[in-house]
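**Student:** So the protein sequences, as listed, match chains A and B. Residue 213 in my numbering is what sits at position 216 of the first sequence, and the numbering runs on without skipping anything. Residue 516 in my numbering is what sits at position 60 of the second sequence, and the numbering runs on without skipping anything.
I should point out that these hints are in silico values taken from the structure, not numbers from a laboratory. Note that the structure is a prediction, hence the values are computed from the model and not measured. All C-beta atoms, glycine included, are put in the ideal place defined by N, C-alpha and C. Treat the hints with caution; some may be incorrect.
[Said to hold, decoys possible] Estimated spans, in silico, between C-beta atoms of each pair:
hint, chain 1, residue 1, chain 2, residue 2, range
1, A, R186, B, L614, 24 to 30 Å
2, A, A132, B, G606, 24 to 30 Å
3, B, P565, A, R186, 33 to 39 Å
4, A, M94, B, A618, 43 to 49 Å
5, B, D462, A, A132, 27 to 33 Å
[Claimed, not checked] A few chain B residues that face chain A, going by a derived Cβ cut-off under 10 Å, partial list only:
hint, residue
6, E459
7, G517
8, L615
[Said to hold, decoys possible] Simulated coverage check for chain B against chain A, where a stretch passes if three residues somewhere in it have a Cβ under 8 Å from a Cβ of chain A:
hint, region
9, 548 to 559
10, 588 to 596
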Amino acid sequence: MERTGHRNAGGSPAAGPPGAAPGRTLLPARVLLACFLRLGLRSLRCDPVAAMEEDLLVRRRWLSEPGFRSLRAYGRVAPGVPALSLAIALGRHLGGMRGAIAAAVGMIAAPAAAALTVGILFVLGRQGLARWMPAATVDHVVAAAGTGAAAASAGIAVAAGLGGLYRIGPTPGAVLTALFMIVALLLWRWPLVAVVAVALPFSLAVTRRRDGKGGGHGRAGG
Amino acid sequence: MGEPADDVRHDVAVGLDLAAVLALVSLFSIGGGPRMMAPLSHELVGVHGWMTGPMVTQLYGFSRFLPGAGGLVLLAGMIGWNVAGSFAAAAMPLAVLLPAGVAAFLLLPSWHARVPPAWRAGLLRAVAPVSAGQGVAGGLAILQLAGQSGRAAIALALLAAAARSAGMPAPLVLAAGGAAGVWLFPGL
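When you get a sec, could you build the whole thing from the sequences and use the hints?
**Tutor:** Structure below.
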C-alpha cells in the first residue's frame, strides 16, 4: 500500500469515520484514480458498493470495517447516486479533496464512456435500420421498444420500492411516509423539495419516537 | 427566432433552465435512478413542456440498459440533446452529477461530527421509506406517461416485476420488455 502526504484527511479530529487513526497520511490521488477507474469499470457488471467493499476493505485493507460501514451508511443518505456518493466519501477519507475528485472521476469514467458508446450506437443503429425500412417504421419500432423497456423498468422500480419498504419493516409511520411521497409527487404535484422537507422530518420524528419506545429493528443499519 | 444567433441563445437559455431542474432533482432524490422520475417527468412535461410524456418514457427505457451512474449519464445526455441540442447533451450529465457530488463532499464532515453513530441506523431507517416512496412514485409516473398505451404498459410492468422477483437478470427483463413493446405498442 502506497501512502504519502502529511495532512489529516478530514481536516479535524472529529471529521473521520470510526477507526480512523489520528494524523494518518493520505493516499496519492493517482493511486485512488487508478483504483476507482477499475471499480467504475466493475460497476458496469456488478453492484458497485459491494465491489468497493471487496476491494478497499477486504483486499487492500485501506479502512477499518466500522469506518467503511459509516461511509457506506453516509452514501445511502447523501445526495445523488449512492455508489458515487460513497466513492466521494471514500476518496475524501483516503486522499482528502484531491482523493475525492480522483475517486469521483475514476468511478464515473467507465459508466460515462459506456453511456457515450450506447448513445452513439443508438444513433448509428437507427440510421442503419433506416436503410432497410422506411424512417417512419424505424421511429415506431424505436418508440415501441423504448416504451416496452420503460414499462418493464417501471415494474421493477415499483417492486423494488415496495420490497424496500417491506425490508425495513412496514410500520404505520413508514407506510404513511411512503404513501405521502407517492400522493404528493404524483397527485398533488408538489415540488420535490417541499415533499422531502415534509416527509423526511416526519419520518425522522416517527423513527426516533419508535426507537425511544424500544421498537427499533435496525434492519437498515449501516 | 429565425436568426441562428437567436436559436443559440434560446438553446443556451433552455439548457441553463434544464440544468437547474436536473441539479435540483438529483440533489433531493434519495438513491437516484427511477426515484428521480416522478418530479423530473413533471418538470419536463407538465411545467416546462420541453418534451412529450411518451418521449420521456422512451428515453428512460433506453437509459435503463446501463446500470447506476451510466444510465443516469445517458438519460441526462439524451434529455439534453432532445431539449437543447448537442451542447446540452454534453452539459446535462454534469448538471445531474456535479451538484450532488459537491454536496456529498461538503456534507461528509457533518456526518462524522454531528450525527452520532447511535443515530445513524435510525437515520437510515427514516430515509428508507422516503426513498421507497420516491421509487414507487417514479415507476408509477413512467406508467402514467405511457398515455394511451397505459393498460398494456401496466401489464408489462407486472410481468417484469414478477420476472425480476423470480431472479431473472435486470438487463434480460428490460430486453424482453423492449421486444414485447414492439409487439404491444405498434401504434406509437
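**Student:** Could you run down the list of hints and mark each one as holding or not?
**Tutor:** Here is how each hint holds up against the structure:
{"no.": "1", "hint": "R186(A) to L614(B): 24 to 30 Å", "result": "25 Å, holds"}
{"no.": "2", "hint": "A132(A) to G606(B): 24 to 30 Å", "result": "27 Å, holds"}
{"no.": "3", "hint": "P565(B) to R186(A): 33 to 39 Å", "result": "36 Å, holds"}
{"no.": "4", "hint": "M94(A) to A618(B): 43 to 49 Å", "result": "46 Å, holds"}
{"no.": "5", "hint": "D462(B) to A132(A): 27 to 33 Å", "result": "29 Å, holds"}
{"no.": "6", "hint": "E459", "result": "28 Å, violated"}
{"no.": "7", "hint": "G517", "result": "3 Å, holds"}
{"no.": "8", "hint": "L615", "result": "7 Å, holds"}
{"no.": "9", "hint": "548 to 559", "result": "holds (count 6)"}
{"no.": "10", "hint": "588 to 596", "result": "holds (count 9)"}
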